[in-house]
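Q: Going down the list, the protein sequences come from chains R and P. Okay, so the first sequence: first residue is 1 according to the numbering used here, each after it adds one. Okay, so the second sequence: first residue is 1 according to the numbering used here, each after it adds one.
Mixed in with the good hints, there may be bad ones.
[Stated by the list, open to error] Selected chain P positions facing chain R (Cβ under 7 Å, derived; list incomplete): (1) H148; (2) A206; (3) T301.
These are calculated hints, taken from the structure and not from any lab test. For glycine and all other residues, C-beta sits at the position ideal for the given N, C-alpha and C.
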Amino acid sequence: MSTLTPAAPRNTVQAPAGNTGSRRRGKTRMDPTRNSTAAGIAAWLLALLFASPVVWMILTSFHSETDAATNPPSVAATLTLDAYREFFGETSGVSPWPSLINSATASILSTVLVLVLAIPAAYALSIRPVKKWTDVMFFFLSTKMMPVVAAILPLYLFARTVGALDNIWFLILMYTSMNLPIAVWMMRSFLAEVPEEMLEAAQIDGANLLLILRKVIAPVAMPGIAATALICFIFSWNELLLARVLTGVVAGTAPVFLTGFVSGQGLFLAKVCAAAVVISLPVLFAGFAAQDKLVQGLSLGAVK
Amino acid sequence: MTTATARISRPGHTAAKPARTAKSRERALAWARRAPLLPALVFLIVVTQLPFVVTLIISFLNWNSLSPTKTAFAGLENYVTVLTDPDLRQAIFTTIILTVSVVLASLLIGLGLALLLDKKFIGRGLARTLLIAPFLVVPVAAALIWKHALLNPAYGLVNGILTWLWSLFGSATPPQLDLLSQAPLAAVTVSLVWQWTPFMMLILLAGLQSRPMDTVEAAQMDGATPWAIFQHLTLPHLRQYLELGGLLGAIYIVQNFDSVFTLTAGGLGTANLPYAIYQTFYYANEYGLASAAGVVVVIGTIIVATFALRTVFSLFKKEAAR
Numbered sequence: 001m002s003t004l005t006p007a008a009p010r011n012t013v014q015a016p017a018g019n020t021g022s023r024r025r026g027k028t029r030m031d032p033t034r035n036s037t038a039a040g041i042a043a044w045l046l047a048l049l050f051a052s053p054v055v056w057m058i059l060t061s062f063h064s065e066t067d068a069a070t071n072p073p074s075v076a077a078t079l080t081l082d083a084y085r086e087f088f089g090e091t092s093g094v095s096p097w098p099s100l101i102n103s104a105t106a107s108i109l110s111t112v113l114v115l116v117l118a119i120p121a122a123y124a125l126s127i128r129p130v131k132k133w134t135d136v137m138f139f140f141l142s143t144k145m146m147p148v149v150a151a152i153l154p155l156y157l158f159a160r161t162v163g164a165l166d167n168i169w170f171l172i173l174m175y176t177s178m179n180l181p182i183a184v185w186m187m188r189s190f191l192a193e194v195p196e197e198m199l200e201a202a203q204i205d206g207a208n209l210l211l212i213l214r215k216v217i218a219p220v221a222m223p224g225i226a227a228t229a230l231i232c233f234i235f236s237w238n239e240l241l242l243a244r245v246l247t248g249v250v251a252g253t254a255p256v257f258l259t260g261f262v263s264g265q266g267l268f269l270a271k272v273c274a275a276a277v278v279i280s281l282p283v284l285f286a287g288f289a290a291q292d293k294l295v296q297g298l299s300l301g302a303v304k
Numbered sequence: 001m002t003t004a005t006a007r008i009s010r011p012g013h014t015a016a017k018p019a020r021t022a023k024s025r026e027r028a029l030a031w032a033r034r035a036p037l038l039p040a041l042v043f044l045i046v047v048t049q050l051p052f053v054v055t056l057i058i059s060f061l062n063w064n065s066l067s068p069t070k071t072a073f074a075g076l077e078n079y080v081t082v083l084t085d086p087d088l089r090q091a092i093f094t095t096i097i098l099t100v101s102v103v104l105a106s107l108l109i110g111l112g113l114a115l116l117l118d119k120k121f122i123g124r125g126l127a128r129t130l131l132i133a134p135f136l137v138v139p140v141a142a143a144l145i146w147k148h149a150l151l152n153p154a155y156g157l158v159n160g161i162l163t164w165l166w167s168l169f170g171s172a173t174p175p176q177l178d179l180l181s182q183a184p185l186a187a188v189t190v191s192l193v194w195q196w197t198p199f200m201m202l203i204l205l206a207g208l209q210s211r212p213m214d215t216v217e218a219a220q221m222d223g224a225t226p227w228a229i230f231q232h233l234t235l236p237h238l239r240q241y242l243e244l245g246g247l248l249g250a251i252y253i254v255q256n257f258d259s260v261f262t263l264t265a266g267g268l269g270t271a272n273l274p275y276a277i278y279q280t281f282y283y284a285n286e287y288g289l290a291s292a293a294g295v296v297v298v299i300g301t302i303i304v305a306t307f308a309l310r311t312v313f314s315l316f317k318k319e320a321a322r
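Chain P extracted, bound-state conformation (with noise of 0.2 Å):
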């Protein structure tokens, strides 16, 4: 890319002019360069980033838009009760317990079933793609499924394969699981699990089959046990795939909305911060609390993303230097 940067900055005949005309066309050459990247560049700015500085001004304030006329300069106010007020304090705990559970458990099963896609074996296109299908279900229409059709506690498929199951053993009396409403924070891990693990198993596949295979056969040759070339050459090549599926997962997933909104409504301590959110400012009409809750996910996601930046990067460099 240099050279030809070099060479279309340059063209013989500039050289000539005087020094002046030659420096405003070099300029003139930058903003050509630029022109088609400003339009995406302006874009993202107003639509994301200006909102963002109007909600770190509406997090300093006391606004509810019932009562407009005490609106007011609250400093910290809305800060102290994030961190305080029992039921966000609950949100914060919730997201933090359902993105780490889901991000863990959907990297663990997708290693497998990528380390399982990984070998030959008849009908393997079909495999895979019917591992695919849970992540190509429209997630409300998923979560809707997982609360009526699978988790319903008297007609659901769940107990419905327990009920069967016990009846070929003479039983009538087959345990019931009820989900939802014993452990409703399980039933959403469970079906963000289901969702999320073939994107997990789809990056970590990728990475498997970008591994350098003559490696691999050298250390057969010499006579490698498969557990440790799977320790020595295969897990250190995927530590990178591993980390960027666990930090894309953990921004996505730090989001979810929609598994929360349809399989509980949040209820039963399973509220995160987004439905939490969403529920102070608009049925609550908490503006200030709800902004100061919005700056508080932002800079634990800006935690995690430092760390999501630099794994992107450094396969970034990688690809930008090939």
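Extracted from the complex, chain R is given alone in its bound form (with noise of 0.2 Å):
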């Protein structure tokens, strides 16, 4: 299976100059992947449709509360930073950044944590791997497919019984359990492709273990270890059912946060929508940072 990102077999198609230029462009001309202009419009058509919810949800953000609930819509109304203000809590008083800092902490100590549990572990299953490591690996796989319904009333019970319910750090432990296993399998993958010659030829030289890891394995896991935290930040970030269930008022998220926030009283369309917008930003941010591996990590490392 090819290690280049989804983008780059066909870029190598696409690159006109160079002595092999004249090869690729005969080849080219039998790719049946080159230039197609109804396959082009087809995709963008879709692509606007696909994205169009979204289009529409920030655009309606900008728009006054009056603007917002019309019928027909009203695309071309004055933009407005209102509903920003009124999500921020300019009239209710109610802010939502203490939510949004929950999720912040609870999705980047999660994060942290995964990683500090999924880099050694992934060590041991691809560059010194212990005996069995297919069986470790499926292992891992198996607990993140089993439901989190089925395991919810009993953590929801411990936590009540020892006091940690509606703590960000009990939330934050199960964040970790949640992400470790899609961690682990990634971080395999992407430590599997340490060159094996290069970490011969650093023990023949007698280099210790950390220097092993600094020097020769950092470099080639580092845009690897960035894609699994990215990832498992957007998880953290988006969950809901363990968040409800365990937290309240003090380490609510912002998900939590949000369900909460439609009143059902007057109109509040754009405000929904400003609140949709600031709570996605950072997933938004995040995906299109770790767009390249987010295949690999959302198939479990499966699909490179």
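Dock chain one against chain two, each of which comes alone in its own frame, and use the hints as you go.
A: Following this line, the structure appears as structure tokens:
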């Protein structure tokens, strides 16, 4: 399986210059992926259709409540930041900041914990593998397949008994366990890319483990670590069920805040859109940053 | 890897030492190998496997936290209730319908999009980015947008566009949809298909781009039609990617809670098992019953997961053999 990023193979076909240019061009003529106007138009129409809810969400968030609630829609209405002011509690006095900070805390700290646990584990599954390492891999994967609802009641009862309900640290541990299998699978596939000859050469030169980790493994694995971190961050940030059950007023995360946000009183459409935009922004940034490795993470490292 | 293993575990000078020391040394080395793995393994067992064992135990109890004195062993009573109670049976049915329809629809649309994106056209990178966008909206936020900004019968975008289109032809009585109250399950399905199509598309696109182009070119030279190439070369190659996407998608969508919770609050026959379980223990306080329903979900997931694991394993073996 190719280690190239999804877009890379096509780029080589596109390369116009260089001494391989004429040969490439010859191939391009045969290539079924040659410029296709019809496919381009169809793809663009569908892309716009799929993106339209997101575009509409962003546009509506900059409209006033009265302009947002019209039929037919007022596309060209005046833009305003009122909805954002409302979301940040200008009139209600209810600030979303505590929940956003809780979300950031839970997502970032659980991601750090995941990496601390997953990187050594992946090392013991790829570079210096334990016996039956494939069995261990599939054990990790099987835990991810167990639905959260099947374990949530004992976790809830445990948290209530020890007084960990509405405690961000308990949520952090839950998110760590939720993302650890994915991270182990991803990290293993990245560490497996470290060339064996380089490891052997370093060992023969008498480099110690720390030096090997820093000089040989880290440079190869760094992009993988970054992608793993971004994907774990997204999953934690998005999570609702655990947060809904295990947190309340103190440790409630942004998705929990969002579910209690719609009062059903009066006009609130622009405000909901503004809230959705603000809460989705970190995920949009993280997602686009990890775009090339997104498939690998979502398929648990099975597809590159 | 195996050559490295042999070299590390048998350094030259240990051969000269007595057999017993060599053996204990070997054992120590094996533990040194396992050590980095243990924290992650122990942590996962404690946080995911132990609670499930407790769920299994509670599922055999008659336990409602509102009347704690009546807690007693219930045998299979909870399981009988899960399978006979009309609401819970409906939840099982809803879960299956929702999962199957979302997975199939998003796989088909995802396949179409992946085939289009595999072609070269102006702005392909940007189109790909736009297509990923639905997957990068926080699921709760996406569900709220679908509920209020798109599907709201009075001022949602869908009805807004219908009004606008009809007014172009001078009609003042456009058809208006009210999916949320007339076909709530369809509303949940549509919003989930919108969110999951990018996932399928990305996996299938990766599959398409890993396809060996020389055989495709050879087939073209021999005058094979595009449809024949798709049928006999592309589709067989994509098979395992289709399986992987479908099964991973199924595992995620069976567990869906956010959309049902936000879009319909489980009303009008849209409550799937995760939502029903949440209601049963969080509001009805029926701990035993909720646990039994949880075990049923796990059994269902295991059935799907066995297939998923096999697919992942075949891809994994290929990659490991690389």
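Q: Against this structure, judge whether each hint is valid.
A: Going through the hints against the structure:
no.	hint	in the structure
1	H148	holds, 5 Å
2	A206	holds, 5 Å
3	T301	holds, 6 Å
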